[in-house]
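Just so you know, we're using my numbering here: the sequence shown kicks off at 103 and counts up by one.
Any given hint could turn out to be false.
Stated by the list, open to error - Straight-line C-alpha distance at most 25 Å; calculated BS3-like pairs for lysine-lysine:
(1) K486 x K450
(2) K525 x K502
(3) K525 x K596
(4) K504 x K596
(5) K246 x K283
(6) K273 x K246
(7) K596 x K502
(8) K525 x K504
(9) K283 x K273
(10) K246 x K269
(11) K542 x K596
(12) K486 x K687
As the list claims (entries may be wrong) - Simulated restraints on C-beta separations:
(13) R475 x E564: 38 to 48 Å
(14) G254 x A627: 52 to 62 Å
(15) D522 x V695: 36 to 46 Å
(16) R518 x R668: 51 to 61 Å
(17) V695 x G297: 48 to 58 Å
(18) I709 x A646: 44 to 54 Å
(19) G411 x K525: 17 to 27 Å
(20) D380 x R710: 37 to 47 Å
(21) G311 x Q344: 27 to 37 Å
(22) G591 x G297: 21 to 31 Å
(23) D555 x R299: 13 to 23 Å
(24) G414 x K502: 26 to 36 Å
(25) D327 x D194: 50 to 60 Å
(26) G254 x G414: 15 to 25 Å
FYI, nobody ran anything at the bench for these hints, they're computed from the structure.
Virtual Cβ for every residue (Gly too), placed ideally from N, Cα, C.
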Amino acid sequence: MTSPAHTLLDVSHVSHLSQPSNHAPSSRDSIETPPVPMCPIGHEVDPAQQAHDSEPEEAREPRRPAFATYLTLTRYGPPGLYYHGQRQPRGDGDPESFDVWVCSPIECLAATHDERGDNHGLLLRFKPPYGGWRQWAMPLRLLKGSGEELRGELLDMGVRINPDAHKWLNKWLAQSAPEDKVIAATRVGWHTLEGGRAFVMPRRTIARGELARRVSFQSEFASHDDYATAGTLEGWRDNIGQLCSGNPLMVLAVSTALAGPLLYLTHRQAAGIHLVGDSSNGKTTLLEVAASVWGAPDFKRTWRATGNGLEGIAAALSDTALVLDEIGEADGREIGATIYALGNGVGKARASRNGTARRPHRWRIAVLSSGERTLAAHMSAAGKRPHAGQAVRLLDIPAKRKHGAFDHLHRLDDGRAFADHLKSEVTRHYGRVGPAFIEKLVSEERDLAGEVDRFAQIPGFEATRPLQGRAAKALALIGLAGELAAEYGLVGWKQGEAMAAAVDAFQAWAAEQGGARTEHEQILANVFGFIERHGDARFSNVDADPAHGPVVHNRAGWWRDDADGRAFLFNREGLNEALGGFDLKRGTEALEVAGWIVERESAARSIRIYINGTRRRVYVIRPAESEEIQA
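Use the sequences and the hints to build the structure in full.
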């Protein structure tokens, strides 16, 4: 009886561990051999048949020296990759054959490299003893040195390796030269290729037609995958998605998780919301429901990480979602810079070991966060001044509804019972909605960027300031993601609910923020407020006789009146304090643009004048009251 599985292969798949044959390679053996031409694996071995074949079958004598892979038991030993070699004995004897079991079956399908022609690798395919066939795009750089990192990754994925013959595994990989080539994507997310766009994930590529075969994810850490799955798409929709209906914050949270793939398609870099509410009100449950769009419950992270750590996580989750619980665990001194980095989509520039610049992490990401305090309050508690740019990169949304974070309990007794039910369901159904959403998006031909602009103009998103307009567009994008998911039939809520939830969130954000101020507006408000508080106590009439006037402690400057009203002559220290943390150059620029600096020298925004016989440099400022600068 002869099985087709006994054909010789150059590259193959995983089986079970075995000992090498009696012939071991000589330390003198250094034969460089080309690989045997690759043959495709025809079929998976039937376990029942393999158990029945208790005796190894005869196989044709391989040419030597060469590598070959067998999928069933042979006369050389168990299934796997073998090195069939020859050694020259001492004297004039004939060459002696030897056979070494290298590892369980493994096959090289294609050569890989990225879009720039860098990051070369090999697309490997194998079958662990337990489970189905697996693939990994292995970076060739793992062959450096002894290849320990490479073997560690293969062992983690189930490949059994002969510890006494690992040099033959390295040699086989180094010699493998498959004819097929694929693009190696080194990050998750959208990639534009000739013929269309593809969305690359660690274990699958989502694209139209044959394009999916032309690109594969390549990573040094093949055994780790954030995008785990369980249950079914229908199970998620029926047991979780339908419970979102009637709960605007749940719809908003899931829509935010789905907004990640839309960023590239709408020419945006990030969108983020921060749910703010009391402890144990259901915020974390909302995050767990949103995380189930992409993966298991541990897809949700916490803020307890350094900025560098979050950069790495964001890069690994590019074009999907970063779900972060409890902002109170973050370092308030660093979180402002972290928010900017997450919103800008690029990490810090770093040097490699040899001093050359390494490419920084890059990503596009939707951020969903929660905490008991707003971003501004957390930063202020650490002595840091929040900026308007941070406020619109991570929008503070109040998470206070009828039943904690919920409105409609779908016949459950109370908010806690509803949250507990959801927590149970997200452990049974997860990781299905996000990929299904992308499968629809790869064929989407509408102008989604135009759709965001159109939705941002609907009633409820009215914006009177530039930063409000940015917030409206971010929430319109989130609303669009939820509407598309409903249109595609992936979620259990009705069309219209997602955009209504986004509008509701915008109005709640605007009410809490009082209308987010630009840095320019903050500077004017800071100076105006300083004058309101200290105008009578820390300033005095510039023309008054100091011997007869009131004593001014901790002087910030002087004042004088003219036909246009009162002007305040700030000294440098006083103006620095009044700016509230903005540097002097940025502050005086804003004051000048607003027309508040009423006297200046040609090369400066200040003047030199004599005060009580001493020449002093002062900044002459006359505020203009308006609603825009009121605190």
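(request) Kindly indicate which numbered hints from before are broken by the structure, ordering the numbers from low to high. (result) 13, 15, 18, 20
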